[in-house]
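Start from the sequences and build out the full structure, keeping to the hints where you can.
Residue numbers (the working numbering), protein chains in the order written: chain C, 1 to 192; chain H, 193 to 384.
By construction, these hints were calculated from the structure, which means they are not laboratory data. Ideal Cβ positions, reconstructed from N, Cα and C, are used throughout, including at glycine. Hints are supplied without guarantee of correctness; some may be wrong.
[Said to hold, decoys possible] A few chain C positions that, by computed beta-carbon distances, are all more than 12 Å from chain H:
#1 32
#2 46
#3 53
#4 93
#5 152
#6 155
#7 156
#8 191
#9 192
[To be verified] Here are some, though not all, of the chain H residues that point toward chain C, as calculated from beta-carbon distances under 7 Å:
#10 215
#11 229
#12 234
#13 245
#14 298
#15 381
Number of protein chains: 2
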Amino acid sequence: MQQIIDFILEIDKLKKVTRKIRVRGLDRFENPAEHSWQIALLATSLAQYAESAVDMNRVIAMLLVHDIGEIDTGDTMAFVEGGWEERKAAELKAVKRIFGKLPQKQSDDYLALWQEFESGDTPESRFANAVDRAMPVILNLANNGQSWRENGISYERVVKRVRPQIEAGCQALWDYLEIQLKEAQEKGLFGS
Amino acid sequence: MQQIIDFILEIDKLKKVTRKIRVRGLDRFENPAEHSWQIALLATSLAQYAESAVDMNRVIAMLLVHDIGEIDTGDTMAFVEGGWEERKAAELKAVKRIFGKLPQKQSDDYLALWQEFESGDTPESRFANAVDRAMPVILNLANNGQSWRENGISYERVVKRVRPQIEAGCQALWDYLEIQLKEAQEKGLFGS
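Below is the structure:
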């Protein structure tokens with residue numbers, strides 16, 4: 001039991017990591033803990049648009065653990081170019097440290113979920129990655145392009161970066177967002 | 193699809209609701225979104241201590257939606273006496289409004305999960321309630337009794353309020369916390 005408590009107190013630190021999206025109506029940045037909660041519910045809510053083979057329970061489990069390595073590494077915006085191999089190696093080291101606080105079986109289970117998410121080579125991980133990639137787009141569309149403008153991210157960079165994973169995991173979601181993104185471009189919600 | 197997006201933007205507001213626990217190392221209060229993420233992982237991590245009949249996927253689904261009504265009602269500390277019937281009626285009204293943004297089937301599914309959590313009359317909801325009740329205790333034990341001291345909550349009130357639900361849902365967790373709470377009392381971590 002003490003191992004489980006030590007783990008749950010360790011992951012408490014994810015509430016202190018900052019992403020680039022601000023919580024609408026507040027000045028502070030969103031953190032990966034509340035983000036993980038939100039995408040778990042986005043995935044569940046989108047179930048009707050997932051491939052029939054998708055086990056939604058595993059999708060949710062993946063989404064709940066996928067950002068835990070950021071306790072050690074911090075969050076890196078998806079639009080940063082280069083260095084991803086090193087960052088992912090650092091995140092792997094981090095999750096091994098953090099999951100390693102748990103009894104062996106539970107630790108192995110979480111690590112397998114984290115690795116499946118990163119691999120993106122199962123229907124579940126493709127769907128999970130699509131939802132994770134789509135969430136900041138949905139929030140930016142509702143928040144006047146806040147993190148795109150603050151970080152100078154153009155329409156073209158957004159589409160190039162998010163389209164492949166969203167389309168691969170949830171075509172209907174991409175079809176919806178593609179139209180919204182074009183409208184946002186017309187309104188000037190992007191950086192340059 | 194637009195209904196799902198409207199729902200996910202509505203529940204974004206849960207990130208702005210404040211609980212009474214401060215995030216360790218920060219001045220701000222925890223919100224129910226990140227709390228829901230944390231207890232979903234606490235439940236998963238405690239699986240070996242759950243009754244064998246417990247469907248952990250339903251526990252997690254319940255925990256992800258159980259606080260959504262607080263978007264309209266705000267969070268009320270568990271130690272507040274009286275008025276719970278009115279507060280729960282207000283929360284029910286709130287979740288009906290919020291889940292009602294979704295297509296009917298998804299809305300019905302979430303409402304059923306919310307009601308099962310509130311009922312506490314299935315193994316899953318008892319386990320989910322135990323985990324929800326235990327989390328602020330675990331955080332207070334690690335944070336020098338912060339919300340107990342700030343709100344003048346005594347050792348006796350904590351035990352009286354949290355013991356029944358934690359014991360009913362996860363005996364091993366209560367056995368662990370009982371010892372920790374007694375040690376915390378000796379250290380003077382409670383209010384009066």
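Each hint tested on the structure:
no.: 1; hint: 32; verdict: violated, 9 Å
no.: 2; hint: 46; verdict: violated, 6 Å
no.: 3; hint: 53; verdict: holds, 17 Å
no.: 4; hint: 93; verdict: holds, 20 Å
no.: 5; hint: 152; verdict: holds, 24 Å
no.: 6; hint: 155; verdict: holds, 19 Å
no.: 7; hint: 156; verdict: holds, 23 Å
no.: 8; hint: 191; verdict: holds, 22 Å
no.: 9; hint: 192; verdict: holds, 26 Å
no.: 10; hint: 215; verdict: holds, 5 Å
no.: 11; hint: 229; verdict: holds, 4 Å
no.: 12; hint: 234; verdict: holds, 5 Å
no.: 13; hint: 245; verdict: violated, 17 Å
no.: 14; hint: 298; verdict: holds, 6 Å
no.: 15; hint: 381; verdict: violated, 15 Å
Of the hints listed earlier, those the structure fails to meet are numbers 1, 2, 13, 15, in rising order.
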